[in-house]
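Mind docking chain B on chain A? Use the hints.
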Amino acid sequence: MQHSKTKRRTRPEPERTEPNRAFRTAPNGAGKSPNGAATPPNGVGKSPNGAGKSPNGAATPDGAATPPNGASESAPNGESTRSSAFRALNDAYRLVDEYLRQGQEMAENIWLPFGENGMPGWPSPGAPERFMRSLGDMTLAWVEVVQQWTNAQAAPQRPPNGSAGPFEAASTAERKAPAPPSAADAHAEPGPRRELGVSVEAKGRVEVSVDLAGSASSDELEAGWLQPAKGKAAPITSVSLRVDGKKLVVHIVVPEKQPRGTYNGLLLDSRSLKARGTVSVVVR
Amino acid sequence: MSEASDLVRELLEEYGTLAQRALASFLERERRRAEVYELAADYPLRKGRSLRASFCIAAARAFGASVDEAVRSAVSLELLHSAFLVHDDIEDESEERRGLPSLHRLHGVPSALNAGDALVVLGLKPLFGNVATLGSRIAWRVMEEAERMVRESVEGQALELRWRRENTFAVTEADYLEMTLKKTCWYTTIYPCRIGALIGTRDGIHLDRFVRFGFFLGAAFQIQDDLLNLTGDHASYGKELEGDLREGKRTLMLIHVLSQLDGDARARLLRLLAQPRADKSERELAWLRDEMLRRDSFGYARHVAHALAGAALHEFGSAFSTAREGRDKRFIQSLPYWVLERA
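Line by line, the protein sequences are chains A and B. Residue numbers for the first sequence follow this note's numbering, so the first one is -4 and each next one is one higher. Residue numbers for the second sequence follow this note's numbering, so the first one is 10 and each next one is one higher.
Bound-form chain A, shown alone:
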């Protein structure tokens, strides 16, 4: 290695030996009110990935810094109060960097089990988007169910004599008895309330889950086809509702050659055709 024969150039001695983070008194005006022209403190936090460094890129203040303002800044063990404080700030930056990094890793890992072959591993391009879309669709359906429920709770109720105003959902204690059904409403009177059950006909292994807000009668619900959550497999079309004693049973027939995967469908309100619940089948 060759060395230059000229005199080595050196930086001038710095005026300060540690960063000035007292942002109120910082020379660059960092302490100005936001109503004026506020600027950030003297370089604080410029390096989001600079874990271990002082946030302004200076050497870590551990140990080496000189107490700037005399004895009042110095703790009995010799380390300046400011230096200790800067070390704590460095800790804070390291902590939040690590926290965000872990969050990112968690987000990256969340879709690994949803690889193309159903096994953990690298997913195909587009798999995360599909997963999130599918998840979004499902959660949306669930929220819609909640919305239906809350709307039903909050809906104005007709008083017995038809003269009082609407009742608030929350003040149930004050509610009067519901109005007897009028002739006009008679056709809408639901059948007896029943518990929900599930029956499945399948050759292979399947998992079924059904969610429904509240109980239901057979004449106010209908079941839709179960569509594949991903891919282009044929839907499961044999989904029906039947009464079995005190239960309302969702009956599903899974064809013998139904491809593996998750199939989702909705339980619909017969009159409004709005979603009341969901049916999911996983074919193994």
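Each hint can be trusted.
Estimated spans, in silico, between C-beta atoms of each pair: (1) Glu100(B) <-> Ser204(A): 31 to 39 angstroms; (2) Glu156(B) <-> Arg237(A): 34 to 42 angstroms; (3) Glu350(B) <-> Asp264(A): 50 to 58 angstroms; (4) Glu334(B) <-> Glu93(A): 27 to 35 angstroms.
If we take Cβ atoms under 8 angstroms as the criterion, some of the chain A residues that face chain B in the derived model are: (5) Thr76; (6) Arg77; (7) Ser79; (8) Ala80; (9) Ala83; (10) Leu84; (11) Asp86; (12) Leu90; (13) Val91; (14) Tyr94; (15) Leu95; (16) Gly98.
Pairs of lysine to any residue, SDA-like flavour, derived with a Cα cap of 20 angstroms: (17) Lys338(B) <-> Asp77(B); (18) Lys134(B) <-> Ala208(A); (19) Lys269(A) <-> Gly144(B); (20) Lys269(A) <-> Arg146(B).
Please keep in mind that the hints were generated in silico from the structure rather than gathered at the bench. We put the beta carbon where it would ideally sit given N, CA and C, even for glycine.
For chain B alone, kept in the frame of chain A given last:
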């Protein structure tokens, strides 16, 4: 007081009043239902600053939402905050809250615990109501954020409780900051930013950009709160002074003084920390306070709070770069100043 702090107080008054009205109206309906809701309504109606609710509304408005679109989430946050406080006060054996006896002192621990549980449930209800103003998708996203916020908060509280239960004294500044990130920052500063931006942009912004700002601001807030517990004015603080010393709470000042003491003095402090709250004598507490003064533990904590507030101010630039210019944005930018100036 600075111009920045004046602006903060002005908006806290304005948005705090709005949120308090909505909260009172919500609780008025609930209180008729059963006695437990009467107890549950106690803390929320004691009229704190409504910092979190105001912050949430301001962040939402800064990103383009209306007050109406944000107020349910703000009310929910105040209710969940009250739930945390009820449970915290029991866990910490705190005697006062907002200038009055704590709920468990008024009604006993079992009833207070149950009222705290009721507040958690009440806190969820306005989030369901969001469906009407924000639509299903955004309402669902706010619920997801709320779930995360509660999870982070209880994890942070668990950390602190474990330190006290096991009388852990080897707690570092980094440990303290991690606990504060989870226990305080998430629900005080990070979550209000995130849901405000979520509502205002209709889920059109990456929310992790608010973690740094919220963390630095919230940590400065917590350290200042810990300082006020030891040095503040009782009338404006609203809680018993020096309660943290009695509880053996691992504050930055305690961590600092622990690192400074050795020999007999350190052994004396460890003995004091190991004692239950009721057994800690006034003489020993006075000694600890004197040691903190002598070792400049308060000065140290103030320096850290200032450094963190400065860092928050810097992070504000990137976190809120796309927010609309105006009073709401200036309010948020002013919070690091206010945090240090509040008494």
